[in-house]
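Line by line, the protein sequences give chains A and B. Counting in my numbering, the first sequence tops out at residue 283, every number present. Counting in my numbering, the second sequence tops out at residue 198, every number present.
For the record, the hints were derived by calculation from the structure and aren't laboratory data. Backbone N, C-alpha and C fix where the C-beta goes; we use that ideal spot for every residue, glycine too. Hints may be right or wrong, so weigh each one.
[Unchecked claim] For lysine to aspartate or glutamate, the following DMTMM-like pairs were computed, each having C-alpha atoms within a straight-line distance of at most 25 Å:
| hint | chain 1 | residue 1 | chain 2 | residue 2 |
| --- | --- | --- | --- | --- |
| 1 | B | LYS138 | A | GLU136 |
| 2 | A | LYS155 | B | GLU68 |
| 3 | A | LYS155 | B | ASP64 |
| 4 | B | LYS138 | A | ASP248 |
| 5 | A | LYS155 | A | ASP248 |
| 6 | B | LYS138 | A | GLU151 |
| 7 | B | LYS138 | A | ASP133 |
[Claimed, not checked] Which residues of chain B face chain A? A few of them, derived with a C-beta cut under 8 Å, are:
| hint | residue |
| --- | --- |
| 8 | GLU92 |
| 9 | SER131 |
| 10 | MET168 |
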Amino acid sequence: MALAAAAAIYWRDGREHFLAILGSGVALFGEMLPKVLAGCLIGAFVTLLLPRELVARWVGHESGFTGLAVAGFFGFLLPGGPITIYPVAGAFLTMGADTGAVVAFIISWTLCGYTRALVWELPFFGPDFVLWRIVEALPLPIVAGLLARIAMRAGLARIIAKP
Amino acid sequence: MILAVNILLWLVVGVLAFLAALRGRVLFSDGAREGVWEFIRLLPRIGAGVVGSGFIAEALPKALVASWIGPGSGFIGVLIATLGGALTRGGPVVGFSIGAAALKSGAGAPQVIAYSTAWALYAIHRLVIWEVPMMPPRLVWLRAAVSLPLPFIAAAIAIVLGQP
Chain A
121 MALAAAAAIY
131 WRDGREHFLA
141 ILGSGVALFG
151 EMLPKVLAGC
161 LIGAFVTLLL
171 PRELVARWVG
181 HESGFTGLAV
191 AGFFGFLLPG
201 GPITIYPVAG
211 AFLTMGADTG
221 AVVAFIISWT
231 LCGYTRALVW
241 ELPFFGPDFV
251 LWRIVEALPL
261 PIVAGLLARI
271 AMRAGLARII
281 AKP
Chain B
35 MILAVNILLW
45 LVVGVLAFLA
55 ALRGRVLFSD
65 GAREGVWEFI
75 RLLPRIGAGV
85 VGSGFIAEAL
95 PKALVASWIG
105 PGSGFIGVLI
115 ATLGGALTRG
125 GPVVGFSIGA
135 AALKSGAGAP
145 QVIAYSTAWA
155 LYAIHRLVIW
165 EVPMMPPRLV
175 WLRAAVSLPL
185 PFIAAAIAIV
195 LGQP
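Work the whole structure out from these sequences, hints included.
Shown next, in the form of structure tokens:
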């Protein structure tokens with residue numbers, strides 16, 4: 121898709137315009153490199169320093185509104201891709217966390233996770249926009265967690281933890 | 035602003051590296067190696083996405099983008115953006131580069147927020163590939179169901195807060 125767009129620009133606006141866009145894209149990319157590297161290093165170190173069991177215990181034992189906030193905070197804090205996050209969420213369930221907290225955790229990781237924002241979003245949108253978006257996303261995990269609890273209480277869904 | 039972000043980030047890296055070094059040299063070198071490898075793996079994808087989104091933004095018909103999902107498009111624009119996000123397949127490079135390209139060619143910020151929120155939350159393929167095998171299916175469907183209103187809430191907060 122990027123290639124097709126590049127070809128279309130070249131054909132429509134000529135070589136000079138093509139090179140100008142290419143140049144500004146490459147410059148933006150170069151400017152972002154130190155941040156992306158920093159994001160990768162932070163992710164790697166936090167993964168090594170933060171014991172998963174400890175996180176799971178905290179989320180599992182808290183409940184009520186605090187439980188949702190704690191779960192949301194850990195979703196923000198834990199680095200890693202889907203391969204690391206979903207098993208952790210599964211572990212929360214088996215360790216006794218309620219569904220609302222697990223939902224808040226997953227949604228918080230999806231929307232507010234800093235490694236994702238640093239590595240992926242920042243190069244494309246720039247710091248102002250990313251910060252602004254994350255501020256807006258902050259209440260969402262809590263909202264989703266509350267909705268999940270309401271759905272559970274109304275008997276719309278029942279979760280049975282995997283043994 | 036950009037310099038401040040860089041300094042802050044590398045301070046965090048420094049503190050974490052120091053903490054890791056305190057726990058032992060193996061932990062420190064493991065972390066450094068994994069971080070650098072991840073960076074090298076990501077480089078080509080991010081590079082293609084950033085450069086590509088510049089071209090996509092230029093190629094998009096600006097008038098059309100502005101009238102469909104521009105700052106004045108209101109709730110309908112948010113709805114269109116949300117549907118677009120739900121239908122976008124692919125990893126972060128695809129989702130974010132389309133969002134950034136739309137923003138550059140005249141889309142409204144709340145609409146772009148709705149787009150990237152919907153893309154992050156609804157992606158069906160991610161649900162099937164990652165969530166269903168790793169978590170109880172009912173939890174996955176509950177998670178998806180409670181996610182439905184979130185892009186609209188995000189866009190509403192964005193409209194209330196005003197532009198960045």
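Taking the hints in turn, this is what the structure says about them:
With a C-alpha separation of about 20 Å, the suggested pair LYS138(B) and GLU136(A) falls inside the 25 Å cut-off, and the hint holds. Between LYS155(A) and GLU68(B), the direct Cα distance comes to roughly 16 Å. Compliance with the 25 Å bound is thereby established for this hinted pair. For the suggested pair LYS155(A) and ASP64(B), the alpha carbons sit about 20 Å apart, so the restraint of at most 25 Å is met. At most 25 Å may separate the alpha-carbon atoms for a hinted pair to count; LYS138(B) and ASP248(A) meet this at roughly 14 Å.
For the proposed pair LYS155(A) and ASP248(A), the alpha carbon gap of about 14 Å is at most 25 Å, so the pair holds. Between LYS138(B) and GLU151(A) the alpha-carbon distance is near 18 Å, which keeps this suggested pair within the 25 Å criterion. This hinted pair checks out: LYS138(B) and ASP133(A) have alpha carbons roughly 18 Å apart, not beyond 25 Å. The interface hint given for GLU92(B) is met, as the beta carbon of that residue sits about 5 Å from the closest beta carbon of chain A, less than 8 Å.
With its C-beta approaching chain A no nearer than about 6 Å, SER131(B) sits inside the 8 Å limit, and its interface hint holds. The criterion of a C-beta within 8 Å of any C-beta in chain A is met by MET168(B), whose closest approach is roughly 4 Å, and the hint holds.
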